[in-house]
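**Q** From just these sequences and the hints, can you work out the full model?
Same order as they appear, the protein sequences are chains A and B.
Residues in the first sequence are numbered consecutively from 1290, following the numbering used here.
Residues in the second sequence are numbered consecutively from 1290, following the numbering used here.
Please keep in mind that the hints were generated in silico from the structure rather than gathered at the bench.
Since no wrong hints were added, every one of them can be taken at face value.
Identical copies carry no separate label here, and so any pair may be met within one copy or between two of them.
Calculated lysine-lysine pairs in the DSBU-like style (CA-CA distance at most 30 Å, straight line): (1) K1439 with K1316; (2) K1439 with K1578; (3) K1316 with K1421.
Number of protein chains: 2
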Amino acid sequence: MCHTPLMLPLKCNYSLSSSSFLSFQFKIGLCQLSVTSDKDKNIAHARTAIQDAAAKGAKLILLPEIWNSPYSNDSFPVYAEDIDAGGDASPSTAMLSELSSLLKITIVGGSIPERSGDRLYNTCCVFGTDGKLKAKHRKIHLFDIDIPGKITFIESLTLTAGDTPTIVDTEVGRIGIGICYDIRFPELAMIYAARGAHLLCYPGAFNMTTGPLHWELLQRARATDNQLYVATCSPARDTTGGYVAWGHSTLVGPFGEVLATTEHEETTIIAEIDYSILEQRRTNLPVTKQRRGDLYQLVDLQRLNSN
Amino acid sequence: MCHTPLMLPLKCNYSLSSSSFLSFQFKIGLCQLSVTSDKDKNIAHARTAIQDAAAKGAKLILLPEIWNSPYSNDSFPVYAEDIDAGGDASPSTAMLSELSSLLKITIVGGSIPERSGDRLYNTCCVFGTDGKLKAKHRKIHLFDIDIPGKITFIESLTLTAGDTPTIVDTEVGRIGIGICYDIRFPELAMIYAARGAHLLCYPGAFNMTTGPLHWELLQRARATDNQLYVATCSPARDTTGGYVAWGHSTLVGPFGEVLATTEHEETTIIAEIDYSILEQRRTNLPVTKQRRGDLYQLVDLQRLNSN
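**A** Right, dumping it as structure tokens:
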């Protein structure tokens, strides 16, 4: 039932990225950090949380969206760092690089405002166990929404959208990255699954309106439809801030089951990921093989153009 | 942000099918029927339920998956009807046609086993208010799953899969049809949304394993991602049967909110649908316009080939 027209790369043809991960187990740490208006304090605070999570055995640590700055269009230009210049131009990512190497862990570094030339991005950096920057994801779908009387935010007033999906091979598997609003677009998760992702990481700061409506739902949907793990990490809630985050950082398994979650206070979740479950779920419900490539195909344009 | 390569029809370019439905409100009836091994009784029983729902004001009535027959590979050939021949060759659909005309309602007739030549299908018939068969959806994705010790079912042992998506303009809006396992494939719902659906109807008999795991989740995900209404209708639970249905027929709104649902006993849900909410939700969260057609595109091959 997996038809293959010649013209298009076919969604059906995906497989686990590497058999070496098929029975891999490890602990993930989701650091739901309190974020203040003091960048140095935010960096020091994240450092401590990462050290604590690593001490508890986490081999992969995920930070929240915009963890070094308040979440506001006014703050983004002020707190932005030049990640490519590095060193003093980016103290937030310098800390992540230092710790990933020192602690021999992989860090999916939430996101920070990035300055590049005259543009600003909402950017997630992934550091490997050698401290090197393995990948940089610039939020692809900017958060421009308007629910009158509830939540209005126009990220595109200050930020530029990234122009590429980001999937990265790490020592803890193949990880697809999205930032917050990116999770609303099922196509991105489907592209990552087709490229062999084991896990999707979404740093995200949903709010008090969309959080209760959709935060857990979207994570569970992406995990279930694509039969992979989904991890999210939010800032802790600060009701005195201009933008009040929902919290509820969560790890979801490949059947859409919530494996670990929390409320809105600052905390670190340590939870177990077991990739052998992926193959089991994909055998139970072989939806990938059952897709109807004769009726629909999701085209991954970057992949198409690179072939 | 909605880039348009020339080569492919673009997901971004969708709009509501018809402005005449933009402020349309009506009642839907979801008849969660008990199903027995007596076909005549099942037909008489469905007739009564439809009449009752129409008397309560339902202008659209949805029946369960396989409502005229037990749900088993042994039963499908025995209970199958030749829908195209009609009349005495298909008493189940003859009843639906008669009632839709008599009561001036639209019926999305759940599904029945269909015989066509030497093949069997799991088929949903849609009747308009004039009693005419408007569309026939043959389940596209057959239910072949194996969760050892929980649920194993191989529909493809007896059934043939349909070969086309089914979307139909009715007096109560543009409706996309899927049957049960079809709901697991996000692409089908996305195709329907791109073709301007207001509402997706999924007759479905999830089971006691996948029901609690995924039934509500998948409905809410399809509704939220595509910003449309989703209605489902299951048979009532019969714990003495070979296949035990989860029940929980449900209506979900375009923000993924459960508007009406039930447990597993026989009942009819009457609930209100208001299409003006669709435009409101799509303005609140304009995800369709925010899709990244430069990065991914879902190709609807039937539509592509017809252009």
